[in-house]
Structure formats: structure tokens, C-alpha cells
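Colleague: Protein sequence lines, in the order shown, are assigned to chains S and W. Quick note: the first sequence uses this note's numbering, first residue 81, plus one each step. Quick note: the second sequence uses this note's numbering, first residue 2, plus one each step.
What the hints contain is simulated information worked out from the structure, not anything from laboratory work. Please note that a few of the clues may not be correct.
BS3-like mimics (lysine-lysine), calculated; alpha carbons at most 25 angstroms apart, straight line [what the hints assert, rightly or not]: (1) S/LYS122 with W/LYS72; (2) W/LYS72 with W/LYS10; (3) S/LYS150 with S/LYS136; (4) W/LYS10 with S/LYS122.
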Amino acid sequence: QKEVEQDPGPLSVPEGAIVSLNCTYSNSAFQYFMWYRQYSRKGPELLMYTYSSGNKEDGRFTAQVDKSSKYISLFIRDSQPSDSATYLCAMTPFSGGGADGLTFGKGTHLIIQP
Amino acid sequence: DGGITQSPKYLFRKEGQNVTLSCEQNLNHDAMYWYRQDPGQGLRLIYYSQIVNDFQKGDIAEGYSVSREKKESFPLTVTSAQKNPTAFYLCASSTSNEQFFGPGTRLTVL
Numbered sequence: 081q082k083e084v085e086q087d088p089g090p091l092s093v094p095e096g097a098i099v100s101l102n103c104t105y106s107n108s109a110f111q112y113f114m115w116y117r118q119y120s121r122k123g124p125e126l127l128m129y130t131y132s133s134g135n136k137e138d139g140r141f142t143a144q145v146d147k148s149s150k151y152i153s154l155f156i157r158d159s160q161p162s163d164s165a166t167y168l169c170a171m172t173p174f175s176g177g178g179a180d181g182l183t184f185g186k187g188t189h190l191i192i193q194p
Numbered sequence: 002d003g004g005i006t007q008s009p010k011y012l013f014r015k016e017g018q019n020v021t022l023s024c025e026q027n028l029n030h031d032a033m034y035w036y037r038q039d040p041g042q043g044l045r046l047i048y049y050s051q052i053v054n055d056f057q058k059g060d061i062a063e064g065y066s067v068s069r070e071k072k073e074s075f076p077l078t079v080t081s082a083q084k085n086p087t088a089f090y091l092c093a094s095s096t097s098n099e100q101f102f103g104p105g106t107r108l109t110v111l
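Please model the entire structure based on the sequences and the hints provided.
Modeller: Listed below in C-alpha cells is the structure:
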């Protein structure tokens, strides 16, 4: 059964803080993991894509995957007010394109206070 | 510019009416998807198509129909059988590694 857990928040932090966003999953078939950012009333945009346990860094963003614990994280360093958005984790057993669709968490609403 | 377009941005429908949402992509992607997003629910898969003239039901296909006559187009029809159609509808297309989303259509049933 597809199931991904994600705290919906809201999560409010001061500007400049390190943000930690997390998802857990129960299906060990999931092998590819993505983080999307969604601004209000817009389509999601892909931030990070990983397929192996460990860390992947891209600028201020770091994606972390722990397949043994079925736990993924997204860290945002030096957070900015423009980072205020909903962050969605997504995963699939197949390649990151998701042959039969992606399974999403409910999204975490993040607020960066100036 | 390459991308995914959805129209209209906002759509209002009376109960009992069918309505069709448009999705077009010029990314030359084979696979296309429709998701529904409700507040606090995340995205849920309605239908997907991996190739022209073929499509599969997702997790919540009841009350919806699709067609895939052209590679670039994947329209979604919300029928009167869909009991709670008010939602934000998102179309996506994918390469083997990444899935890209359109801007969405917000459907409201009056």
C-alpha cells in the first residue's frame, strides 16, 4: 500500500535559520525520492531528486535519504522569505519520472519570518 | 519556451455538467499525468499515459475520463459522476528521471 507521511505544519522559522523538512514512508519498493516546492496556487517545481541513501547538495538545499529507516529529509540553509512555500516530498519505485505516477506526501507549509 | 500549459486557469461548473480541462506540452515527453490536489491531501493520481493511444487509471479515477490522441495533449474530462469535483487539478509530463508540472486549473462546482 502506498503511504507517505509528512507533517503539514505550518512550520515557522526566522530568516537565516536552517530548516529541516521530513517524510517517512512504509513501502520499501520506493527507490527514487524527490522534493518539490509549491507556491500558493501554482504548480509544483522540482527542487531535488535522489535515488541513493546519503546526502545530495545543491546550493542551499541538501536532500538526505535513509532507506534503512525509510526516512527522507530536505535541509534549507540560510533560509530566505522567498523560501516560504509548501514543500512536497514524492517517491516512486521506478526512475524519477515515475512510470506509473509519483506518490506524494501531504506537503509541509513553511513560513520564513523576515 | 518549452513547457506545460493548462487551460483555463479557473473554471466554474454547475452540478450535473461535464467539463474538460486542457493540458498541452511541447517537451516531447511520452508520459503524461493528471493529479488532483485538495487542501491537506497532497497530490493524488487520477490517470496517466505512457504513450499515445494508451492510458491507465490512477488511484482516484472514478468520475473522470481522459484521451491521448496526440503526444502533446492529454485532456481530462470531469464528469457529473464525480461527487466532489471542486479541487486544484495538475497536469504533468516526465522524462525517465524527472516529472514536470503545469500551472494547474482550479475547478469550482457551483
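Colleague: Now tell me if each hint is right for this structure.
Modeller: Verification of the hints:
Only pairs whose Cα atoms come within 25 angstroms are accepted, and S/LYS122 paired with W/LYS72 is accepted, the gap being roughly 24 angstroms. Taken as a hint, the W/LYS72 and W/LYS10 pair is honoured in the structure, with Cα atoms around 22 angstroms apart against an allowance of 25 angstroms. Proposed proximity of S/LYS150 and S/LYS136 is supported: the alpha carbons are some 17 angstroms apart, at most 25 angstroms. The straight-line distance between the Cα atoms of W/LYS10 and S/LYS122 is roughly 10 angstroms, inside the 25 angstroms bound, and the hint therefore holds.
Of the numbered hints listed earlier, not one is contradicted by the structure.
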